[in-house]
Amino acid sequence: MTEQAKEPKVEDIKAAAEGKGCPVQKALYFVTEFLAGPMCGRCFPCAMGTYEARIRLQNLVEGNGTDADLRALRRIATDMIDASFCKKGKDTGKFILDWMATDVYREHAEGRCPDMQCASLIEYRIIPEKCDMCGACKDVCKYLAIHGEKRKPFKAGYFPFEIRQKRCTRCGECIKVCPTGAIVLVTVKAKEPVGV
Amino acid sequence: MAKTVNLKIDNREVQVPEGTNLIDAAAAAGIHIPNLCYMKGMKGIGACRLCLVEVEGMKAPMIGCTTKVREGMSVNTNTEAVQETRKFVIDLILSMHPLDCMTCTKAGVCNLQKYAYDFELKESTFTRKKFGYPIDQANPFIKRDPDYCVLCGRCVRICKHQGTEVLDFNGRGVGSRVVTANDKPLQESSCTFCGSCIDVCPVNAILEADRWRKGREWEYEKTSSVCLSCGNGCSISVSTKDGSVIKINTGAPDGSIERTICAVGRFGFDSLYSEMRVRKPMKRVNGELTETTWDDAIKTVADQLKAAGEGAAMVSSASILNEDAALLKKLAEAAKIKNVDSSASLYSGYDAMKSGGADLEAADLIVLAGIAPDQWKRVLPALDAVVRKKVNSGAKLIVISSGDPKIAAKANVVLKGDEVKMLMELGQAIISKGTKAPKEMVEALAPVNPSDEAVNAAELFMAAASPVILAAPSLYKAAANLSLIKGDVVAVPLEANAKGVVAMGLTSGGKKFSEILSTPTKVLYAIGEVPVSKRPATDFLVVQASHLTDLATQADVVLPATTALESEGSIIDWLGRVKQVSMASVPSGDAKQHGSVFIAVAEAMGTPLKPVKDTDVKKAAKAKAKAAFSPFKKDAGHDVDAQSLMDETNKMTINGSRLLWLKELECAAVSA
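Taken in order, these protein sequences are the chains called A and B. Positions 1 to 196 (my numbering) are the ones given, in order, by the first sequence. Positions 1 to 672 (my numbering) are the ones given, in order, by the second sequence.
Fair warning: there could be bad hints in the mix.
Unchecked claim - Distance condition first, Cα-Cα at most 25 Å in a straight line; then the derived DSS-like pairs of lysine-lysine: (1) Lys90/A <-> Lys59/B; (2) Lys610/B <-> Lys87/A; (3) Lys152/A <-> Lys176/A; (4) Lys88/A <-> Lys43/B; (5) Lys88/A <-> Lys410/B; (6) Lys90/A <-> Lys68/B; (7) Lys59/B <-> Lys299/B; (8) Lys299/B <-> Lys94/A; (9) Lys94/A <-> Lys68/B; (10) Lys90/A <-> Lys610/B.
Keep in mind the hints are simulated off the structure, nothing from the lab.
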């Protein structure tokens, strides 16, 4: 029993992966956990294929994905289904391939996460017109990513509030406290400009 | 005979024995199914997935190495789907393999290179992975470079299969590595440096340590020959470049159980070029050994032999070739020398050396009677590997020994105690189960009361279809009685051509080997590396050897002989088969093969010898003793310590090669 507790089964990982919001992240989580746990390493397509798939999925999640990654993933997944020794490898291939049917992977390769989950593909922005410079967001930001100055009636000029993207961890706390709805979540490489 | 099965592979009709797998069946039809992890003669593991083929009527592709042939099967080895899978796997492997084929020693014989060529992969389409593992090259024998490893597992499997159990995987999948226990360098593990892993590695991950810039496979000339270092007489394949030996690999056919050679056979060739080689004839002048000409040396020896007449004696190593042995016999007759013997009589009676052979491949029970092969002590190492391989693939093992051999740990039943007594108990246990046996044997064994172990062993013996008894020569007659009931019995000599030397008639009508050495002689002519280090009482000592042995330094005349790798002829190996020894390397200096020296000596004595014909050897090899009942007794006077005899006869090979490094390491380990 203890050994079973140590080594998670493919189904458990699948269930845990469902907790992730974005399909690409689901696949990445699944593949990473699969490599760490149930993969036996006995046959080459599965052992080497999942390793390569992890690299490619990582690329997609981090916003470095290209068409080549999509092609590679499709090839890995189909070949794993065909050539793996056991059901575990075939299931992993299927898990990756199931989402290939939708456009989610392609969207990632083009730099958009439709579910707004992949940190490298999204960013928070403050729309200056809506911002009333209350400073609530600045107070709540743990990472000191928001710069700006609270409006003081006696002052003429001011620093507008803005988010430093390099510091922002996309934790989403600021958006919760903004009273005016001035903070929006946008895709970095959006098809149409958002909130401008 | 096994049933044959008809099937179609790529539309070619193939007929193979039942139970063959698809890779072997396709090979029989001249079709190569790509594979990296499959080893002929061992069970397939289906890891590399390169051998996937499509079988008509099957939805999914099948693995060639584990799928057995069936009547009427139709196999397609070359469909687009399986080609894509193969290309995919090779592509993935290439992504973690250094692409330096231009300087790689294995170029030309590398399977990965071959498949990359076949699938037109200039480089991997996948992400390049680099690991930068440390290289294990602290020993002069085997270099392991994990960066080149394709994780096929062949080295791990062969190492486990032959019982050395040094290598294993650490981790799984990409990033795993072939390691020794605790990832120690090889010399700190139980490695015997037999190099079986070198033979099976498909890439540059495991290689002879000194191969860098020594030419690549296509530059080598390959010669099939035999290693004469011990009683196993293993087939070897010698690679030479410009007349000098570069490497030695096992020469047994692919898939054969005898496909193992030991460190002495593989790396001992260094001694060809050692400083201890005798390259010119030498003669003692004023107490010093000084170089002389062949003519002078031959004349001196001939004169001495002539003068001594019957007072002369000859002793020979039992690892000289058949042709040389026959010529020596003729020389002795011409010179009227009665006392001529080979070192075979140290450990064997002449009759035992005329014993027949056995089919090791078919054997399902092996009985070791009084012999203790040991890879680590280098006592008949190849035999130890064969026995361990047999046991690992399901054969049973009975060890009969008064000592405590390492191989006993592998045995199903160990009969510990006096070997003859144990053989009698085993025989009686078999007879008491109602098996038919010759009348004399039943009578002789009637008073014996078998122990429980003997009864267990008897059950194994009865259950076996073709038991093979491998006996020490001194126990041959006693053990042969069992073969009257069932199976084959083989007397295992300690020197490569002991059976051949005896078959060629090099047997003493007068004194035996040890007697010759212990009684004073007028002239003593010692041939080959005889296990003697102190000059026996003799007026004139002639030593004819390839190296300056201890005995040679005390000789009056030293004649340079060729080594086995520089000689041409044949031997009769321990299983009674005639094996051809071919000249792989040019003789060093003025060295001559033993036989041609004998001819020259005889000529100088005025009694020319007739040459030996091939047919003489073949005829002699065919003559086998017929099995008949003989009393359960041990041949007296043939007790030697196998290890010290082997150390003695291989001393020059070991001291003159990189094996000295290993020997010193072992000595240091013992003293520490």
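In ascending order, which of the hints set out earlier in this document are inconsistent with the structure? 2, 5, 7, 8, 9 and 10
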